[in-house]
Every structure is written in C-alpha cells, then in structure tokens.
Amino acid sequence: MGRKLLLEHINVPGINTLEVYRKTGGYRAVEKAIKTMSTDEVVEEVKKSGLRGRGGAGFPTGMKWSFLAKPEGVARYLVCNADESEPGTFKDRYLMTNIPHALIEGMIVSSYALGANTSYIYVRGEMMPQIRILEKAIAEAKAAGFLGKNILGSGYDLELYVQPGGGAYICGEETALLESLEGKRGNPRIKPPFPAIAGLYGCPTVVNNVESIAAVVPIINDGGEEYAKIGIGRSTGTKLISASGNINKPGVYEIELGVSVEDFIYSEEYCGGIANGKRLKAVVAGGSSVPILPANLILNLVNGDKRLMSYESLSEGGFTTGTMLGSGGFVVLDEDQCIVRNTWNFSRFYHHESCGQCSPCREGTGWMEKVLHRLENGHGKMSDMDLLVDVSKKIEGNTICPLGDAAAWPVASAIRHFRDEFEWHVRNPTLAVKENFGLAHYADPLPELVS
Amino acid sequence: MLKVEETQSVEFSTELVNKFAEIVSRYPEGKEKSALLPILHEVQAVNGWLSSVAMDKVAAYLNIAPIEVYEVASFYSMYFLRPQGKFVLEVCRTGPCCLVGAEKIIDYIGEKLGVKEGEVTADGLFSYRGVECLAACGFAPVLQIGPEYTFYENLTTNSVDQLISDLKDKASKS
Ligand SMILES: Cc1cc2nc3c(=O)[nH]c(=O)nc-3n(C[C@H](O)[C@H](O)[C@H](O)COP(=O)(O)O)c2cc1C
Ligand code: SF4
Ligand code: FES
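Protein sequence lines correspond, in order, to chains A and B. Here the first sequence is numbered in the numbering used here, starting from 1 and rising by one per residue. Here the second sequence is numbered in the numbering used here, starting from 452 and rising by one per residue.
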C-alpha cells in the first residue's frame, strides 16, 4: 500500500466535522505555521517539497508563491480554484465532500504564507452541496479561532469565503476565474500581467488548485524534505487520480507518484482491471485535454520500459508517443469503444465551452466538431483526417488561453494513433454507424508499431 | 439570439434582500459587482428562472447597468432565461459518462417524459437537458437537479423510473 497524505483518514466516521478532523491531527499545520514559522519559512518548506500544481499545468507551487508581488499597502489574495470541470476529473469534489477541513486548513496556512487577509474558494456552481459543506466547515473553523481576527493570538487576520461559479469550463482557467469572481463573463485575460502582479481587483493574487492547497498541510506538518522523499524524480509526493471509464473500480485514488500505469490499471489496490473481462484499448491519462494513447503506448515507453504515473514518464516521447499527467483524470476505454465518437464528443465539449474571444478557438472548435460528427455518422471523406490535423495546428498556440490547445491535442493525437480507425469509418460508412472497429493492433507489442 | 421573457412579476422578499446584503459583505468596498453570480443563483432558486424583470431588479440593487447582468446571465450555463419544468433533470453527456451508457439514459429520459430536450412536460413538472462533465465521472451516468444540485449517480433505467416517480410524489404533496 502506498502512503496516503490527503486521504489517510477519509474513512474515519465524522471526518467532515472539525472535532473528528482535529482528533486525527487536523489543524496542527495551522498552529505550527502561525505560531512557530515566519511567512518566508512556510514558502521555503513548500519550495523544498517540490510540490507541483495539481490543477493541470504542474507548475511548482513554491516558485509560484515566491513570484507574488508585495507592494506596500496593497491587498494580496489567495484564490482556490475549485472549478473542477475538466472531463474525467472529480478528485476535488471528492476531497471537498469528504474532508472539507483539509482544504480549509490548507487555505489558512497558504493565506498566511502569502500575506492574504481575504481569500476565496471559487467552486463551480453545480457543486452546491459542496458549497454548503465548505461554508459549514468555515463556520466551525471560525468558531474554533482558526479564522477571523487575530488567529490563535498571532495578530494575523483572515476571512475566507466561498464563491459559486455559474457553469462554465473556461472559468477553470485562472484569469477567466478571476474575471468571473469579479462578477463578469469568464473571458480569459491576456497575460502579462500575470495574476501574481495584477490578479483579483488588480491586486497581486495566487490561484491554486484544491489539491495543491490541501497538500500544503502535510508539507508543513512533516517538512518539505519528507514530502519530497515520496515520489520519483521531480514528481514528488502523492497525487489524487480520478479513475473512470471501463474499469472495475472507478473512483478517486491517492497514489505515490511513480507507480506503474500497468499496476494502476490492473491491481486490486487501484482500478482492478478492465470491466466485464474486456481488453484495454486506450487511455486519456490526464483529463480530456491531454493526448489519448493506445494501450501499448500508455503501458510502455518506446524503449520497452514500463510507463509510470509521474509528470515525466507520462510525457516521455513528447506528443509523438507520450501524453501528460494533467489534472489526473484517468479515463479508460475498452475494446468496444469508438475512438471517433469519443473524439467527436470531446470536440463538441470544447466547442460548447469556448468563450468565443479568439477566432481560431471559436471557429476551429466548431469546424472540428462538424467534421468529426460527419465522420462518425458515415458522411466522412478520406481528406477529413488531414483537414482535422490542419485545423488543430491552426488553433494550437494561436489563442489567448490554453483552451485552444486543449481542444486541438485530443483531435490531433486521436488521428496520430488511430488513423486506421478513422479511415475505416470513411470506407465503411454504414457499418461504422452500427459497429465498432474494435481493438485492432492497439495493444500489440510496441517495436513493430514504432519501426 | 437571447430572447428574454418579460412576463414574470418579481418581488424580492426581505429574507432574500438580507441574503443579498450578506453576500455583498464578502467583498471589498467598491467591488460589490462580485456578488452578481451568487445573487443570480439566489434569485433563480426562488423564481425557477431569470426574467428580464428580475435581472433589472438585480442590476438596480447592485447599482450596475442591466446589460452587465444580461451578459453574465447569458454567458453561464446554469442560468435559465426562460421558464423551466419544476424539476430540471440535467444529465452529463460528456465522454467519460458516455463510455458507460450516458447517451442511453438521456434517450430514455426523453422517451419517458415524452418531450424533447429543453421542452417542459404538459404538467409543468419536468424538463431535461444534457450538460457537460459534472466532476462525477467515476459514478457515471449521473444527473443533477437544482436548485440544490442534488446528485443521482450510477443511473440505470430502473433508478430513473424510481426518481421520476419520487419527484411526482413530492410535487403532489407540496
Ligand atoms: C481551459 C482551462 C481549464 C482549467 N480548469 C481548471 C480547473 O478546473 N481546476 C484547476 O485547478 N485548474 C484548472 N486550470 C488550470 C488553471 O488555469 C491554473 O493553472 C491552476 O488553477 C493553477 O493551480 P495549481 O498551480 O495549483 O495547479 C484550467 C486551465 C485551462 C486553460
Ligand atoms: S482560446 Fe478559446 S476559450 Fe481561450 S480565450 Fe480564446 S476563445 Fe476563449
Ligand atoms: S463525464 Fe460525466 S461527470 Fe464527468
């Protein structure tokens, strides 16, 4: 069994209450940080931990914190990104539902480190039950003296509020989130300036994912160096993986970074293998935005080594043969799934969620959806695959925010790895509407494929 | 494109206005506009949808132009700009849920209610629509029902039957 830092006490009855959470050692990090550490010392521990942002981009959290501008007399803000809308990702909801105090405690320690006196947790509006849970947890923490004025007699003040979103994937992008928190449409801002200089209300702001903030608690309790001992290479610590699709045990798993993909999919500790005795066809390893890989490439690297669940190993091979850890939304497709349909579905999602500010994203996502729809429904042409690749290239890198890239990658990678399945749809239009291409050679040993 | 229905007369109760005031107090002075999204959720929870009359009143309350409210209400998917069924069944239609049968559940709900996506049943009780990933992909297929956004997970045709009959009971008792 791997070490658990975030979910260790998840099954303790009543862990959602302050009382039980404290009995399991909760709020020690707040006491330690506020009573015995300077703000710089807290930042230093987070740097030492090697923690990388768990929201998708994997940017080192300690470094991000150290970029925060600190002009005299200007408020600074910490905003927690609990928008969780990346298809395949459901770990933040799980954490907030079951151990809300882990997030509240992390918010207090992190706000202290950054010198923020008002912090917000921006939760997607559909998570109304989680909003109620967090509000209750905040009230409990405040009553116990961990929030409000003069926390634990230290002179440090902090107010923490929960802000509901209105239903828009784009509000997970940090600058769109800040616009939304200011009561506007969620249109991403042009960077620079980065939020660290001009964020919420034009003030210096850090935006961090729920899991990143919760991870600060064990980092402060045990020390950054202890945290960095877990994991592999620059992928330190534990990561919550949301596992879904055609597996025996879908759910949220806390892994030590570095377990093999094969173990993650097939061991009883995690996904428990492919459901209904089927075989593995493909995996989207880090949320819908990352490249999809066929079975052979997700399980093994091109050199034959096993692929691991880490930032580096998942991206080994770049976009030619690799993917990304992303948000940890691990979606498993069995042999009965249609790659064309799945790709169309994702592209409809991105078209629907494009905020419409940049033409390549607004128009390109629409085109991709349309072409994929006709391929899936038996009206495709052989030239459509090149057309899709062409459109995806025209979007990638040409937009204000990364949603454009996120829309382009799944399409480009599906065609790269599953082109014969797309061609089969064109050649067998009536059959393709009813039946599936199946597993083909996607699970065959690698060397033949690569050469 | 945006057709705003004008028919509803809207009164904000004292309780609701007190709630608005509490929300506004969460932001620094001069940044009251931040209260817009949460206030729209409160108004929709009471009225079922957002009429232009209601949005104008929100604008007046926050001292902003009505267009600032319309552009927000029309941008986000959770705000309804026309009347809905008493219960809006919002089923996730995104990839991971479709791997385990979400499309069949959506079709089944449509057949069962006898209306198309977005339409309201004759008794005014139900409407349904497909929505994007609800961060519950491990418990798929899933649907949610506002205004508290209660989740119903691991849906089957049987559990959908049960849910719809429970909601009918609930409506006949209220
Ligand atoms: C389209 C888009 C959607 C995103 N959605 C989320 C999200 O739901 N949750 C999240 O934490 N980060 C999301 N991100 C990443 C954020 O912009 C940001 O990098 C992150 O919140 C930073 O926190 P971290 O450093 O702790 O990961 C998204 C980014 C993009 C471009
Ligand atoms: S890339 Fe798409 S979502 Fe991002 S700002 Fe441009 S139009 Fe909006
Ligand atoms: S895809 Fe349906 S909840 Fe995520």
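Hints in this document: simulated from the structure, not taken from any laboratory. Because the structure is a prediction, the values reported are computed rather than measured. Take the hints with a grain of salt, since some may be wrong.
To spell it out: a stretch of chain B is covered by chain A in this simulated footprint if at least three of its residues, at any positions, have a beta carbon under 8 Å from a beta carbon of chain A; those stretches are [stated by the list, open to error]:
#1 468–482
#2 497–506
#3 519–532
#4 540–547
#5 567–578
#6 582–588
#7 607–619
Glycine included, C-beta positions come from ideal geometry on N, C-alpha and C.
Kindly indicate which numbered hints from before are broken by the structure, ordering the numbers from low to high.
Of the numbered hints given earlier, those the structure breaks are 2, 5, 7, listed in rising order.
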